[in-house]
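Novice: Single-letter residue listing:
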Amino acid sequence: MEKMQQIVGRARAAFKSGRSRPLEFRIQQLKALERMVQEKEKEILAALKADLNKNGPNAYSHEILGVLRELALTMEKLPSWAAPHPVKKDLLTMRDKAYIGYEPLGVVLVIGAWNYPFVLVMQPLIGAIAAGNAVVVKPSEVSENTARLVAELLPQYLDKDLYVVVTGGVPETTELLTQRFDHILYTGNSAVGRIVMAAAAKHLTPVTLELGGKSPCYIDKDCDLAVACRRITWGKYMNCGQTCIAPDYILCDPSIQSKVVENIKATLKEFYGEDVKSSPDYERIVNQRHFKRVKSLLEGQKIAYGGETDEASCFIAPTILTDVSPESKVMEEEIFGPMLPIVTVKSVEEAIEFINLREKPLALYVFSNKKQLIRRVIAETSSGGMTANDVIMHSVVPDLPFGGVGHSGMGAYHGKHSFETFSHRRACLIKDLRWEVLNKLRYPPGSMEMMHL
Amino acid sequence: NPYAGLVSHLRASWLSGKTRPMEYRMAQLEALGRFLDDKKQEILEATELDMGKPSFEAFFSEILLCKNELNVTLNNLSHWMKDEHVDKNLVMQLDSAFIRKDPYGVVLIIAPWNYPIHLFLVPLIGAIAAGNCAIIKPSEISKNTERLVAESLSCYLDNDCFAVVTGGVPETTRLLENKFDYIFFTGSSPVGQIVMTAAAKHLTPVTLELGGKNPCYVSDTCDVTNVARRVAWGRFFNAGQTCIAPDYLLCTIEMQEKLMPALREAITEFFGPSPRESPDFGRIVSDKQFQRLRGLLCSGRVAIGGQTDEAERYIAPTVLADVLPSDPAMQEEIFGPILPIVVVANMDEAIDFINARPRPLAVYAFSCDSKIVNQVLERTSSGGFCGNDTLMHLTLTSLPFGGIGNSGLGKYHGKFTFDTFSHHRGCLHRNMGLETLNTPRYPPYTQQKLGLLMTTFEVKRRGTCTLL
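Going line by line, the protein sequences match chains A and B. Using our numbering, read the first sequence as starting at 1333 and increasing by one per residue. Using our numbering, read the second sequence as starting at 3 and increasing by one per residue.
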C-alpha cells in the first residue's frame, strides 16, 4: 500500500495541473461515473447483498436510484451553479464589477460509512467532482465488499490521479488524516467525528460532519394512526434499523401506545410476511460486534413484539419495546438496529421538553392532523432536518440541505448544497483605475464633513 | 470552570425562547445602534488611546461600516428569517418543503484588537439577527476599548442573553472549555488552530477569520499615480494593522522605479511632510508589536520612511525596495506600516510567486488591462479579490468576507453573517393522505414497484437495468 503522503501528493499535483477546473472536464467525469453505475449495476448490487443482505430492488432504490438522480441533477445544473453570481452594489461601487466566484477548494477527503456504503461515498464524490476538486475517497472497511468494488471500479472510469480510493481501517484512516486536505466530509458517529475535526484543525481544514443521534418520533393522539404507523415501520426497519435518520424512538400518549404496537405489528406482517427471517426483504445487522451491541439493548425491557435473535446470521427480529424508561440503556445511545422503544408522554409540551433535554438529533419526526401542533414542534425544537407526517423523506428532496446540528453534525450536502460545500465562494470586486475623484472622499487628510456624504 | 455559571445562565435564557421572536431581535439590534450613536466619542477616544487610531478612520471602520451592517440587517431581517420554500417533485406536490433558519443557541465571538469594535459588533449583529444568545470576548490588547465594551454594552443589551467576558490567554482558554453552539473567531492562524481544536471536543462549528500575506501585483500598464494612492491608502490605514491590507507588492524593476516617487507623493498628500505630526496616521498597538515590526525593517533597502520612535510606538509609512523572498519582511504577515516591494520579471512570475505560498485573505492586482486583472484573479486562490483597489471589497455587504486554507474558513457580512449563525434545517411537511402513492416504496420489494419508483423520481437518464 502506497504511503498516504504520496497518494494525496499525487492528487494535489493533479489538481494543480488545472485540468479539473473546466466544466467540460467535470461533466465528462460525471458522465463516466454515470456509465459506471449503469454498466456495473450487477456488481454493485452483489456487493450490497454480500455486505448487508440487501436484495436487488431494495438496494437499487436505496442506493443506485439516488446516485443516478444526483448525477442527472448535477450535470444539468452545474453550469448555472458554477456561474459567477453578480451581487447588489452600493453607491461607491456602482461603476464596478462585483460578484461571487465559485472556485474549487483543492483536494477533498470523503470518508464513507458502512450502512449505505455505495451512496454515502458516491453522493459526496459527485458534489466534489462537480465543484472541480480532486477527491480522495475512503469507503468504510466494515462494508468490505462495497469498499473493494469502489476501489476497483473508480480507476476504471475516472481520472486516476484526481480521484483516488484509499481502503483500510482505523490505522490507515488515522494516517490519511495527518495529510492536508482542503475539505473533509465524514459520515459516521460523533466519537470519530470529534477525532476527524481535531485532525482537520491542525491544517485549518473545513469539515462537514454527518453524524447521528437519537431521532425522536412524536405521534399525536389526533392522527391517522394506521398510516402513521405504516410510514414509521418502513423508515424504522429498513436496512434492519441501520439508517442514520431512522426514527429512533417513539413518544406518544399512554392511551395510544397499544394501538401503535398493533398497527406496527400489522404493518410488519404486511411487509415481511409471517416469518420475517425468511423474507428476502429483511436485512441483517452488519457484523457480530454491532449484533452484540444492539442485542444488549433488550436487557430489562418489556418486549411487546419481536425480540428473536440469531447470532450466527446476525439476525435480530423487528422489535417493539413498550413503557421504556428514559434512563434505560436503549434510550442512551443511538440504537442503529431494529428495536423501537416507545416512551410515553402526556402532552406535546412534555414531548418537546423531552427532546430538548437531549442532544440535537439528525432528524425529527412528528405525526399529527393538527397543523398548529406540527408548527409548534418545529418551532420549539432543533434538529438536522425533519419530516412531518412521514419519515426519511426530507432526505430525498434534492434542494433541501442534508446535515446535522450540534452532536448530529455540522455542514450539509445533497444537490446544490454539495456543490456549495465543496466550493470556495470568492468575493470579487473589479474597479476601474480611473474615476479617482470618487476615492478622494476616503483619503486623508480626513474630514468629518466628508463622512456625512 | 469559572465560566460555567455564565454559560449555563445564557443557555437557560436561550431555552426560554426569548431571543426567537423577530421583535426581540430587532429591539436588541436597535439598541446596538444606540450604543454606536451614544458612545461614538468614547469609541473614538478609546481606539485613539489603544493604537493612535485617527478619528476619521475610527469613524469609518468602527461606526460607519458597523451602522451599514446594522441597517442592512434591520431592513432585511424579516425576509431573511422566512422559510425558504424549495422545488418539489411530482409525488410531493401537496407537501410543503422548506428550509427553516434555526438559531444555534449560545455562541461565542472572539475579537482581535485592530478594529476592536467592528470585529465583535459585525459578527454580533448576525448572531442576534439569527436569534442566538452570545458571549463576546474582546481583545485584552486594545485595553481601553475592552474596558469600554465591558462597561457599557450591558447598558444596551439584554444581560440575560448577552455577556462580555474580559481577560487574556488564560481566561480565553478556560472559556473555550465550555460547550458553545457556534464559535466565531477573528485573529491569527496559530490561535485559530487552537480554537478549532477546542471546538472539536464539543463538535462546535466554527468560523475562523484569520490572516496571511496579501500580495498586490502591479502590472507595467497602469496609472501609477492612482495605483500609488490606492495601495498607500490600503497599506497605511490603521498604521498597517489590517487583515486585508496589501502586505507586499510584486512588480517589475521598471515599475518599482516608477512607483517610488508616486508612493512618496501619495504619502505626503495623505500625511504631510512629517507623518508623525499628522492626526491621520496611527500608531502600533503594543511594544511587542512595535519591536517585531522594527525587526522587519532590515529587509531590502528603505526607500521611503523607516523612522521609528519607541516611546510613541511610531513607525513611519515605509516602503522597502528590492526585498528578497528570504528577507524577514517576507516571512510573516507584516501587520504594520511597511510595504516591501519584491521584484519579478513578469505577471507569470508574480502568479507563481503567489501560488507557491499559503492562500491569503486577499489578492490584489492593478492594471489598465482588464485581461491582466482577470488572469491574476483566475490563476490564484484567496479569500477575496479586488482589482485596481485595496480593501474595498470588504465594504460591500453583499459580498461574502472570509478566508481559505490558512487564511480561514467560513464567511460573513450582510446576509452571510445571518446565515453563518443559523442552522439551515431541511423540513418536509407531508400530507397524511394519498397513502397509495407511497406503496411502491414498501416491502415486499418487487421489480414492478421499483419501476414505479423510478418514474416518480423522474430519473432522466435510464440505464440498462438488468432487473427490469
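Mixed in with the good hints, there may be bad ones.
Capping the alpha-carbon separation at 27 Å, the derived lysine-lysine pairs in DSSO-like fashion look like this [unchecked claim]: (1) B/Lys181 <-> A/Lys1409; (2) A/Lys1591 <-> A/Lys1409; (3) B/Lys260 <-> A/Lys1381; (4) A/Lys1661 <-> B/Lys69; (5) A/Lys1609 <-> A/Lys1624; (6) B/Lys84 <-> A/Lys1420; (7) A/Lys1703 <-> B/Lys20; (8) A/Lys1420 <-> B/Lys260; (9) A/Lys1348 <-> B/Lys103; (10) B/Lys181 <-> A/Lys1534; (11) A/Lys1372 <-> B/Lys451; (12) A/Lys1409 <-> B/Lys103; (13) B/Lys90 <-> A/Lys1703; (14) B/Lys69 <-> B/Lys90; (15) A/Lys1363 <-> B/Lys90; (16) A/Lys1702 <-> B/Lys103; (17) A/Lys1772 <-> B/Lys181.
Here chain A is said to cover these stretches of chain B; the calculated rule only asks that three of the stretch's residues, wherever they fall, bring their Cβ under 8 Å from a Cβ of chain A [claimed, not checked]: (18) 127–135; (19) 190–197.
Since the hints were made in silico from the structure, they are not lab data. Since this is a predicted model, take the numbers as computed values, not measurements. No residue lacks a Cβ here, since even glycine has one placed at the ideal position from N, Cα and C.
Novice: Of the numbered hints stated earlier in the document, which are not met by this structure?
Specialist: 1, 2, 3, 4, 8, 9, 14, 17, 18
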